[in-house]
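Each chain, letter by letter, is given below.
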Amino acid sequence: MDSRLAKEILLRYRPGTADASDQEYAEALEQAKRDPELGRWFAQHQAFHNTIRDRFKQLPVPAGLKEDILAGYRPAVTPVWWQQPAVQALAAAAAIVLLLGVAFFWSQPREDRSFAAFQNRVVRNAQRGYVMDITTTHLGEIRQYLATQGALADYVLPALLEKLPGDGGAVLRWHNKPVSMVCFDLGNHNDLFLFVASRGDLPDAPSAAEPQFTKIGNLTAASWSTGDRTYVLAGPGDEQFVRRYLGR
Amino acid sequence: MAHNDNDSRLADQQDFELHVSRYYSTLYQFAFSLTRNENDACDLTQQTFYTWARKGHQLRDASKVKTWLFTTLYHEFLEKRRRQVRFPHHELSEVNQDLPNIAPASVNELDSATVLQSLARLDETFQAPVALFYLEEHSYKEIAGILGIPLGTVKSRISRGIAQLQQILTHDAGSRPAMRRRPTHG
Chain A
21 MDSRLAKEIL LRYRPGTADA SDQEYAEALE QAKRDPELGR WFAQHQAFHN
71 TIRDRFKQLP VPAGLKEDIL AGYRPAVTPV WWQQPAVQAL AAAAAIVLLL
121 GVAFFWSQPR EDRSFAAFQN RVVRNAQRGY VMDITTTHLG EIRQYLATQG
171 ALADYVLPAL LEKLPGDGGA VLRWHNKPVS MVCFDLGNHN DLFLFVASRG
221 DLPDAPSAAE PQFTKIGNLT AASWSTGDRT YVLAGPGDEQ FVRRYLGR
Chain B
75 MAHNDNDSRL ADQQDFELHV SRYYSTLYQF AFSLTRNEND ACDLTQQTFY
125 TWARKGHQLR DASKVKTWLF TTLYHEFLEK RRRQVRFPHH ELSEVNQDLP
175 NIAPASVNEL DSATVLQSLA RLDETFQAPV ALFYLEEHSY KEIAGILGIP
225 LGTVKSRISR GIAQLQQILT HDAGSRPAMR RRPTHG
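Quick note, the sequences are listed as chains A and B, same order.
Note that my numbering has the first sequence beginning at 21, numbered continuously upward.
Note that my numbering has the second sequence beginning at 75, numbered continuously upward.
The shape of chain A in the complex, shown without the other chains (with noise of 0.2 Å):
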């Protein structure tokens, strides 16, 4: 390593933290020894350094911002009001009801494998509540990581999706099948939803490539395929607002 390359890598050399087992600062650091020009300028540096840290490690904290920020905690959830005994007799009513009716759908020779199911869970899964596996705003390192993971990652985004940052990802199954979730942030706690599947796994999907828009609870979401893949894109808003990150 020669001592201008030395010079640029100690320059961003934060003694005390982890960069002192990085390889790359050992090496730069070896060179300031031998090289007692280089030595001078960064004891000069590392003063520099120091205060510099310093100041933005004392910038002051207005009082009562804790105690703001404390006061303002809302839950996520405040289901209060169900927890009344009429309200969880009721609930125990229902939940004989549907025991029923989840027994006589087990009970029926089949299942529904229908495009339309498929969509309806996906989209309903966004609604209800869903976990992430990765959280990340790039687009290219929830594609990597969907690859790593034996998902679907050769999808194609429209242009202007490309350009939204992303919030995570997933992988969700279907039928055993691996199927893609790609969150993008629209913003003000607004998100897309991308869903991915093989086409072949989606007898009825739809076959061209310009969408089919239907409503589902307060999505509206967008569904087409190309290639052997199919796409359904769940975002808030009406068909017009999903319609403009298709670019049609």
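Note that these hints are calculated values from the structure, not bench results.
Check each hint, because a few of them may be wrong.
Unchecked claim - Keeping only pairs whose Cα atoms sit at most 27 Å apart, straight-line, the calculated DSS-like set for lysine-lysine is: (1) B:Lys129 <-> B:Lys215; (2) B:Lys138 <-> A:Lys183; (3) A:Lys77 <-> B:Lys140; (4) A:Lys77 <-> B:Lys138; (5) A:Lys77 <-> B:Lys229; (6) B:Lys140 <-> A:Lys183.
Being a predicted model, the structure only gives us computed values, none of them experimental.
Chain A is already provided as a structure; the job is to place chain B on it using the hints.
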């Protein structure tokens, strides 16, 4: 059942309080280094924790809470700035405010406000990486994740940002009016 639910809510609240206690100071400092405005920095910090209260359960890896919070704060900042660029707003007191002269020997005498004003004069792409660098809360890899840029780019921006900051602080030879500090407490 009700007991379980109450226990769960209590645990969530304790969890929230723990994260606030651990990270609110450094999050605020990062927010302030981005906005240079106390009110905006407080808003960003509060908003970040409220987003955490709503969405934090989506994060499976508890060791990534800190990075998640910084990433969310940075997104909120970018979002607010996008809106402000569309509807620019200047306060008279913020216009024409500039740095004092700083001789090389006087680096030790710099205060936080002066350093922050110098940070504001860096190329915009250097500001957030340099702030995260000096706050020393994250590795380079984590900084790359927070800012959504590749690791090599982070290192390069930090190096160039520090060099620019040094230049501003030690070689600014122009005659400038005295700088005013914003009132802060605590």
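Okay, the hints, checked on the actual structure:
1. For the proposed pair Lys129 (chain B) and Lys215 (chain B), the alpha carbon gap of about 23 Å is at most 27 Å, so the pair holds.
2. Restraint check for Lys138 (chain B) and Lys183 (chain A): the C-alpha separation of about 25 Å stays at or below 27 Å, so the hint holds.
3. As the CA atoms of Lys77 (chain A) and Lys140 (chain B) are separated by approximately 17 Å, the hinted pair is consistent with the 27 Å bound.
4. The suggested pairing of Lys77 (chain A) with Lys138 (chain B) holds, with an alpha-carbon distance near 22 Å, which does not exceed 27 Å.
5. For the given pair, Lys77 (chain A) sits about 21 Å from Lys229 (chain B) by alpha-carbon distance, which is consistent with the 27 Å threshold.
6. The straight-line distance between the Cα atoms of Lys140 (chain B) and Lys183 (chain A) is roughly 26 Å, inside the 27 Å bound, and the hint therefore holds.
Checked against the numbered hints above, the structure violates none of them.
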